[in-house]
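Here the protein sequences come in this chain order: W and C.
The letter at position 77 of the first sequence is residue 879 when you use the numbering used here, and the numbering goes up by one with no holes.
The letter at position 259 of the second sequence is residue 1061 when you use the numbering used here, and the numbering goes up by one with no holes.
None of these hints come from the bench; they were simulated from the model.
Treat the hints with care, as some may be off.
[Stated by the list, open to error] Below, in silico cross-link-like pairs of lysine to any residue (SDA-like), each with a Cα-Cα straight-line distance of 20 angstroms or less:
1) Lys1047/C x Glu942/C
2) Lys888/W x Glu942/C
3) Lys1091/W x Lys827/C
4) Lys1000/W x Lys894/C
5) Lys827/C x Lys888/W
[Unchecked claim] Chain C is nowhere near these chain W residues, computed Cβ spacing over 10 angstroms in every case:
6) His824
7) Leu830
8) Met1005
The beta carbon of each residue, even a glycine, is placed where N, CA and C say it ideally should be.
There are 2 protein chains.
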Amino acid sequence: MQAREDLLSLDGTGIGILEHSHRGKAFLKVYEQTVALCRELGNIPDDYEVLFLQGGASSQFFMIPMSFLTPETTADYWVTGAWSEKAVEECKRFGIAHTACTGKESNYSQIPTAANYSDKPVYVHYTSNNTIFGTQFRSEPEIPADAFLVCDASSDIFSRPIDVKKHGIIYAGAQKNLGPSGVTLVIIRKDLVERAAKDLPTMLQYRTHAKNESMYNTPPTFGIYIMGQVFQWIKDQGGLAALAKHNEEKAGRLYKYLETSRLFRATASPDSRSQMNVTFVTGNEDLDKKFIAKATQAGLDGLKGHRSVGGMRASIYNAFPTAGVDRLVEVMREFEAATK
Amino acid sequence: MQAREDLLSLDGTGIGILEHSHRGKAFLKVYEQTVALCRELGNIPDDYEVLFLQGGASSQFFMIPMSFLTPETTADYWVTGAWSEKAVEECKRFGIAHTACTGKESNYSQIPTAANYSDKPVYVHYTSNNTIFGTQFRSEPEIPADAFLVCDASSDIFSRPIDVKKHGIIYAGAQKNLGPSGVTLVIIRKDLVERAAKDLPTMLQYRTHAKNESMYNTPPTFGIYIMGQVFQWIKDQGGLAALAKHNEEKAGRLYKYLETSRLFRATASPDSRSQMNVTFVTGNEDLDKKFIAKATQAGLDGLKGHRSVGGMRASIYNAFPTAGVDRLVEVMREFEAATK
Chain W
803 MQAREDLLSL DGTGIGILEH SHRGKAFLKV YEQTVALCRE LGNIPDDYEV
853 LFLQGGASSQ FFMIPMSFLT PETTADYWVT GAWSEKAVEE CKRFGIAHTA
903 CTGKESNYSQ IPTAANYSDK PVYVHYTSNN TIFGTQFRSE PEIPADAFLV
953 CDASSDIFSR PIDVKKHGII YAGAQKNLGP SGVTLVIIRK DLVERAAKDL
1003 PTMLQYRTHA KNESMYNTPP TFGIYIMGQV FQWIKDQGGL AALAKHNEEK
1053 AGRLYKYLET SRLFRATASP DSRSQMNVTF VTGNEDLDKK FIAKATQAGL
1103 DGLKGHRSVG GMRASIYNAF PTAGVDRLVE VMREFEAATK
Chain C
803 MQAREDLLSL DGTGIGILEH SHRGKAFLKV YEQTVALCRE LGNIPDDYEV
853 LFLQGGASSQ FFMIPMSFLT PETTADYWVT GAWSEKAVEE CKRFGIAHTA
903 CTGKESNYSQ IPTAANYSDK PVYVHYTSNN TIFGTQFRSE PEIPADAFLV
953 CDASSDIFSR PIDVKKHGII YAGAQKNLGP SGVTLVIIRK DLVERAAKDL
1003 PTMLQYRTHA KNESMYNTPP TFGIYIMGQV FQWIKDQGGL AALAKHNEEK
1053 AGRLYKYLET SRLFRATASP DSRSQMNVTF VTGNEDLDKK FIAKATQAGL
1103 DGLKGHRSVG GMRASIYNAF PTAGVDRLVE VMREFEAATK
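Excised from the complex, chain W in its bound form:
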């Protein structure tokens, strides 16, 4: 893989990617290629900035309300799982956090179909894919005319086309679909960069990073480099439309089996099922444990569901191969056959 070569010598410079200065020509080229590929793949209009920040989605949870709310103004949240719950908590520190809808009653097994918006929300926030509960929005929610839409796309960004124009801000920790941990991709409309509060610490102002092409301070150079490699890989797959078709087909194999299984069943509602995280149970905790042990023996690691829901979760992000899903279905069939 290219990353191994570039650790020793980036682009024929004789100096590894880790040792290059972020102000040097070699890294600047990496940065520019990464931004250009991101814009091309995501079909990102010119009036949006593409920023590489640090601190993960967890830092965007507070940076957004800190930038756009006052104690008297309101932001509306679609609460569809653990991550949106955390986002709401951080919002409360800076303004009024209004829960426009919540899937909590169904233990987040379904994306709500409608929202009860507040009078004049500054923005509406949603989490496009919910890793723990295995649910995913089919399309962007409709919002009030004066609000802007904010998407936490950490776990499904660039797994399918995204209509950037419908959003004010899209953000994503990179570690699921875009590469390494430690880089946060933020796509933000330029008028919002200008509109954001100005009395904040320099590092917490989007304008600081926009003005300095994400290089106000030393950026996470290796992370940006790897992200560029992932973008190139996505382009080689045919771009986001091709990848979406592939992901749908890949997840479809698992869901199709779950529909027919007498032992296993999917936990998410059919209209809300995620292409990235497939959650399922047998309905019997002991059997779940036995199956997880069996699958681990068969080389299928990490199937244990999140501690807050139990059961199983297959995380099948962009990079996960279809053959892996086929193997999982095979192991599930065997386990089902062996279980009376």
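Given the structure of chain W, go ahead and fit chain C onto it with the hints provided.
Same frame as chain W, but now just chain C:
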């Protein structure tokens, strides 16, 4: 190098360091080894936390005053260059920033020898090494009894022994001496973690990261891994005392030549000279430019001084070899001989 192997398969797992979950056993082992080596090398007492954060030293500039000051309380700053100037600016947003001393009048060519402290500073902040001006503290400044000492050690951490007990907080962006950009090492006394303000965004509270062993959110796993490799390398060199001796000898070769050169002279005062960044000039801007071009031809890149001071700067961090300094002196001698 080990990093190339571990990109493909970490510790025999068959899964590369970039793909391992930060909650998995393999990464946990990396994390624990990195912390243990850091504690061992730095002789860090048990009542200090070792945290791996994001956002660089630039984020510590605001996190510290945000955590410990109120609009009525004061922090004192030794202003010894561009980085301390930035730190002071961020402090002003949260409390009273008192400049205890400044080297500005001498264009920061000297570390001040005494400070004029305010009445009751909460903390005293200093920048142990100043990359742009080529100066470095010989030892920690003395401070008032009730204050705690804060050190921005971004550019000289682990280049020599550091007396952790004299400090409340030591922080460092990793990219100079510790490895890759995108990780910030924070060594903080446990009582300060508890004392810090509690009404801050979750990600901006040291206690969040202390309680969760730096894994409240996904940490920059590759950066922590590389830092661990660098710590192991430092240990293999004989630890910080051996490294300090080596660094002193290495920088000494360049300073010794500068003392005798008829063409070049060091810009920093003899009592303040940095072992990490050696700044020098010919006294003639055109000659400086010619020399930089000549050195670049000879394969010695990155010698141009920072735009705010001009001249030349040799950055000779831990990883820079003595042979590189010898080669630089050779090229300088040749240039001097060829210049009337």
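Results for each hint:
For the proposed pair Lys1047/C and Glu942/C, the alpha carbon gap of about 18 angstroms is at most 20 angstroms, so the pair holds. The hinted pair formed by Lys888/W and Glu942/C fails the criterion: a straight-line CA distance of about 41 angstroms is larger than 20 angstroms. For a cut-off of 20 angstroms, the pair hint linking Lys1091/W to Lys827/C stands: about 19 angstroms separates their Cα positions. Distance restraint check for Lys1000/W and Lys894/C: the Cα-Cα separation of roughly 14 angstroms lies within the 20 angstroms cut-off, and the hinted pair is therefore satisfied.
Using a Cα cut-off of 20 angstroms, the hinted pair Lys827/C and Lys888/W is violated, with the two alpha carbons roughly 26 angstroms apart. For His824/W, the shortest C-beta to C-beta distance to chain C comes to about 7 angstroms, within the 10 angstroms cut-off, and the non-interface label is violated. A cut-off of 10 angstroms between C-beta atoms confirms that Leu830/W is not in contact with chain C; the least separation is 14 angstroms. Non-interface call for Met1005/W relative to chain C: violated, since the shortest CB-CB distance, roughly 5 angstroms, does not exceed 10 angstroms.
In the structure shown, a violation is registered for the earlier hints numbered 2, 5, 6, 8, in ascending order.
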